[in-house]
Amino acid sequence: MKDKIYPTLDAAVADVPSGASIFFGGFGGAGFPNNLIRALERQGAAGLTAISNNCGSGEGELSVLFKARRIRRVIASFPGPQSTYFQAQFAAGQVELELVPQGILCERMRAAGAGIFAFFSAVGAGTEIANGKEERTFEGRRAILEQALGADFAFIKAWKADALGNLVYRKAARNFNPIMATAAKTTIVEVDEIVPVGALDPEVIITPSIYVHRIVQAKGLRNV
Amino acid sequence: MSKPTLTREQIAQRAALELPDGAYVNLGWGIPNLVAAYVPKKFTIHFHSENGILGMGPRSKPGEEDYDLVDAMKVPVTALPGASYFHQADAHAMTRGGHLDVAMLGGLQVSEKGDLANWKVPGQKGSGGIGGAMDIASGSRRLIVCMEHATKDGSPKVVRECTYPLTALECVHTIVTDMAVIDVTREGLVLREVAPGITPEEVQAATGATLMVRGRVPEMNLPPIPAEK
Numbered sequence: 483m484k485d486k487i488y489p490t491l492d493a494a495v496a497d498v499p500s501g502a503s504i505f506f507g508g509f510g511g512a513g514f515p516n517n518l519i520r521a522l523e524r525q526g527a528a529g530l531t532a533i534s535n536n537c538g539s540g541e542g543e544l545s546v547l548f549k550a551r552r553i554r555r556v557i558a559s560f561p562g563p564q565s566t567y568f569q570a571q572f573a574a575g576q577v578e579l580e581l582v583p584q585g586i587l588c589e590r591m592r593a594a595g596a597g598i599f600a601f602f603s604a605v606g607a608g609t610e611i612a613n614g615k616e617e618r619t620f621e622g623r624r625a626i627l628e629q630a631l632g633a634d635f636a637f638i639k640a641w642k643a644d645a646l647g648n649l650v651y652r653k654a655a656r657n658f659n660p661i662m663a664t665a666a667k668t669t670i671v672e673v674d675e676i677v678p679v680g681a682l683d684p685e686v687i688i689t690p691s692i693y694v695h696r697i698v699q700a701k702g703l704r705n706v
Numbered sequence: 070m071s072k073p074t075l076t077r078e079q080i081a082q083r084a085a086l087e088l089p090d091g092a093y094v095n096l097g098w099g100i101p102n103l104v105a106a107y108v109p110k111k112f113t114i115h116f117h118s119e120n121g122i123l124g125m126g127p128r129s130k131p132g133e134e135d136y137d138l139v140d141a142m143k144v145p146v147t148a149l150p151g152a153s154y155f156h157q158a159d160a161h162a163m164t165r166g167g168h169l170d171v172a173m174l175g176g177l178q179v180s181e182k183g184d185l186a187n188w189k190v191p192g193q194k195g196s197g198g199i200g201g202a203m204d205i206a207s208g209s210r211r212l213i214v215c216m217e218h219a220t221k222d223g224s225p226k227v228v229r230e231c232t233y234p235l236t237a238l239e240c241v242h243t244i245v246t247d248m249a250v251i252d253v254t255r256e257g258l259v260l261r262e263v264a265p266g267i268t269p270e271e272v273q274a275a276t277g278a279t280l281m282v283r284g285r286v287p288e289m290n291l292p293p294i295p296a297e298k
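Chains as they are written, first to last, in our numbering: chain A, 483 to 706; chain B, 70 to 298.
The reader is advised that the hints may include incorrect statements.
[What the hints assert, rightly or not] Pairs of lysine-lysine, DSSO-like flavour, derived with a Cα cap of 30 Å:
id, chain 1, residue 1, chain 2, residue 2
1, B, K221, B, K143
2, A, K549, A, K667
3, B, K182, A, K615
4, B, K130, B, K111
5, A, K667, A, K484
6, A, K701, A, K667
7, B, K182, B, K194
8, B, K72, B, K182
9, B, K143, A, K549
10, B, K72, B, K221
11, B, K182, B, K221
12, A, K701, A, K484
13, B, K143, A, K642
14, B, K110, B, K130
15, B, K221, B, K194
16, A, K615, A, K701
17, A, K642, B, K130
18, A, K549, B, K194
19, A, K615, B, K194
20, A, K701, B, K111
21, A, K549, B, K189
22, B, K130, B, K143
23, B, K130, A, K701
24, B, K189, A, K615
25, A, K701, A, K549
[To be verified] Every beta carbon over 10 Å from chain B, so not counted as near; a handful from chain A, in silico:
id, residue
26, N516
27, L627
28, K642
Don't read these hints as lab results, they were simulated from the structure.
Don't be surprised by glycine CBs; every beta carbon is placed ideally from N, CA and C.
So here's chain B without its partners, still in its complex pose (with noise of 0.2 Å):
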């Protein structure tokens, strides 16, 4: 790839901006859990997390870590106002009730119909771990997926068919990545948007499906990266 996309946090910058003021939110492992820190400061958005945390807070300030208080990549964290706690049958009811508006997840390979694969890459050493990634996709009201657009050897992520040991059949709704913004609709693929500088026909060329087009698609309109987070 010639020309540059979109770092991981600006791929998180991007996705924040699908979250609705008030959604009920879990954040996955890899840019998911980048986003919190770019929702609007107007909106309140309560972060679950699968052992049990609802309305979850930021990071906890060092010195003021309590171990009882983690995330679920095992980083001390803080509750906000208004949260609650309870057990991990109860907190994956949640993911697979439907009860969440949406959830994020990291990828390796979603399909053009939805399906996504983000727990296993073929022939990997070790035991591989699936996680609540299984519970989230197959029960959230809307999945967005955040991931690069091609793996670090250049193939394509968006693909026709998954290869990889699959997560969840026909789960995902949006596609964020260092390129686009693609849409999984009954038809196909919508490509909403492109990044700065990136034309839809180099998002295509990158892509291992195809993805239709419907009239002009616009530049994702990126504030600039706070300085502070």
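Bound-form chain A, shown alone (with noise of 0.2 Å):
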């Protein structure tokens, strides 16, 4: 069987080509791949399509892709205030921008990993977000069509995984990153620790392993 333990960050990146699509995880400063950023920036990748709640914060999270101008196009719902590197680009033309509302970027992954192509909501029906979108009234209220959103990576954080990939996270560090893992062709995964297969209760895993490809640990200590 493939070990899917990689022994260093970049390892687990290495193969990321230019021009690859890439969802990163995290919410509010919380469950950002943020090693798996800096071995990206390390290894080099450009014109990447970045898709992740928010465009970086300060110098940190995306930042680091966009201060070293690798990211051509983001998906996003709130870019943020702090997204300094990526709003000067954005201001001068270099980024392509699509916001999408939060709830719907979540269930435009989640459509992607369960093999649904497209579904119909009412969130933004009649908004500027609705243009292009085809519209249809469902129990009396206007609706518009999202397509389903897969990437050709994942760059995801966790907590804690066993040898197979199987993922639990802390506390609000979930956030987009379970979704994520379902949605990409490549799921690599950052965790604070590795625990032998069977140390994990099945009745608490949130991420089953068949959604883990690459597992690396980028702090504390392996334990195998």
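Using the supplied hints, reconstruct the complex from the two chains, each of which is provided in its own coordinate frame.
The following block contains the structure:
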């Protein structure tokens, strides 16, 4: 059986090509795959499409990749006032932005991971978000058609993984990470701790191992 | 505006009176974020945060912050006994799916039909951002907008038609401002209460749509602001 555990962050992201689309987990400073983001910056892939709730915070999170000018297009719900590198590049027309309501961003990923091509929702009906989208009426409410959103890679952060890739998260650091794991061709997780197979109670596993392709420990001990 | 109107804290204090005991509630950015401090102590309110918390408690005390447990404004918070964590898609299944009893959002404009504009000022610098506002506005069983009655330059924010980019259509049930409590009904906007010392005529003059008045309009009954929150 192929070992999903990678020895280093750099090895885990070595084959990400320029032009790839990548999900980045995290919300409100919690659950960002910051070590993988830094490894990707070292690796040098450019022309990326980034899909994440926001667009960096100060010098951290996705700002690392915006500062290095590796992102050409971004799909986000709330770029954020602290996304200074993104905002400067957006104002200069150097990066494209697709704004998506936060729950619809999640649901488009969930659809992609679950084999659903598209779905209708009332969110954004009658607003500028609806531009160019098919509209129908259900139960008397206006609804617009939203397309599934997958990606080549998911970069996510979890608390613990076992060697098979079963994952548990900590508190609100879960956020987008489990959804993104289901919707990428290759899901790469950085974890605080790797534990032996069988050490995680099957009743509490949040991301089953089938969704996880690469595991790398980015903090603490590797306890296998 | 010559007469004093409510402070942001007092708007939050009045808005808190709209929450029934036992309600599941999401509080958005701005004035709504101040509301939790004014919930009556004997009430149990289950606060929802769109990053995957139900049963969110007050902000963390200094020195006790856990940065894996933050609210939607990135502020470290606590979890009350009985709290649960879940991912962001489930958090928004709750918002869109009609599971929240009450949501409170800030507002830039509310129309007489209850359309809400709260995410972008036309011509503003920067990318703007939607966050969870469209999902929350579209799905909440009862949406209360907490905002100032007028903009800084005196333009009404309660208007016949929103001119700012819309968040959601016909979603607002009640508007709580520094001058009034207004209900959005099928017949139009109904002035339910006025701020202390403000007359219905003064509220109407500061409003860009017609307010209906049903009998005498009572003044808000605001308890004094607690010295310590």
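Now for the hints, and whether the structure bears them out:
As the CA atoms of K221(B) and K143(B) are separated by approximately 27 Å, the hinted pair is consistent with the 30 Å bound. Distance check on the hinted pair: K549(A) and K667(A) sit about 26 Å apart at the alpha-carbon level, within 30 Å; holds. About 24 Å separates the Cα atoms of K182(B) and K615(A), which keeps this hinted pair within 30 Å; it holds. Our distance criterion of 30 Å between C-alpha atoms is met by K130(B) and K111(B), whose separation comes to about 22 Å.
Under the criterion of a C-alpha separation no larger than 30 Å, the hint pairing K667(A) with K484(A) is consistent with the structure, at around 17 Å. Proposed proximity of K701(A) and K667(A) is supported: the alpha carbons are some 25 Å apart, at most 30 Å. Our distance criterion of 30 Å between C-alpha atoms is met by K182(B) and K194(B), whose separation comes to about 29 Å. Of the supplied pair hints, the one linking K72(B) and K182(B) holds, its CA atoms being roughly 28 Å apart against a limit of 30 Å.
Distance hint between K143(B) and K549(A) is fulfilled; the C-alpha atoms sit about 22 Å from each other, no more than 30 Å. Under the criterion of a C-alpha separation no larger than 30 Å, the hint pairing K72(B) with K221(B) is consistent with the structure, at around 15 Å. Distance check on the hinted pair: K182(B) and K221(B) sit about 24 Å apart at the alpha-carbon level, within 30 Å; holds. Distance check on the hinted pair: K701(A) and K484(A) sit about 23 Å apart at the alpha-carbon level, within 30 Å; holds.
The suggested pairing of K143(B) with K642(A) holds, with an alpha-carbon distance near 23 Å, which does not exceed 30 Å. Proposed proximity of K110(B) and K130(B) is supported: the alpha carbons are some 19 Å apart, at most 30 Å. With a CA separation close to 18 Å, the supplied pair K221(B) and K194(B) stays within the 30 Å bound. With a CA separation close to 44 Å, the supplied pair K615(A) and K701(A) exceeds the 30 Å bound.
Annotation: proposed proximity of K642(A) to K130(B) holds, straight-line Cα distance about 27 Å (limit 30 Å). For the proposed pair K549(A) and K194(B), the alpha carbon gap of about 20 Å is at most 30 Å, so the pair holds. A C-alpha spacing of about 26 Å is found between K615(A) and K194(B), which places the hinted pair at or below 30 Å, so the restraint holds. Distance restraint check for K701(A) and K111(B): the Cα-Cα separation of roughly 43 Å exceeds the 30 Å cut-off, and the hinted pair is therefore not satisfied.
Simply put, K549(A) and K189(B) have alpha-carbon atoms about 26 Å apart, close enough for the 30 Å limit, and the pair holds. For a cut-off of 30 Å, the pair hint linking K130(B) to K143(B) stands: about 15 Å separates their Cα positions. With a CA separation close to 26 Å, the supplied pair K130(B) and K701(A) stays within the 30 Å bound. The hinted pair formed by K189(B) and K615(A) meets the criterion: a straight-line CA distance of about 21 Å does not exceed 30 Å.
Restraint check: the Cα-Cα separation between K701(A) and K549(A) comes to about 24 Å, which is no more than 30 Å; the hinted pair holds. With 10 Å as the threshold on Cβ separation, the claim that N516(A) sits away from chain B holds: the shortest Cβ distance comes to roughly 12 Å. With a cut of 10 Å on Cβ distances, L627(A) stays outside the contact zone with chain B, its closest approach being about 15 Å. With a closest Cβ-Cβ approach of about 13 Å to chain B, K642(A) is found to remain outside the 10 Å limit, as its non-interface label requires.
Hints 16 and 20, counting from the list given before, are not met by this structure.
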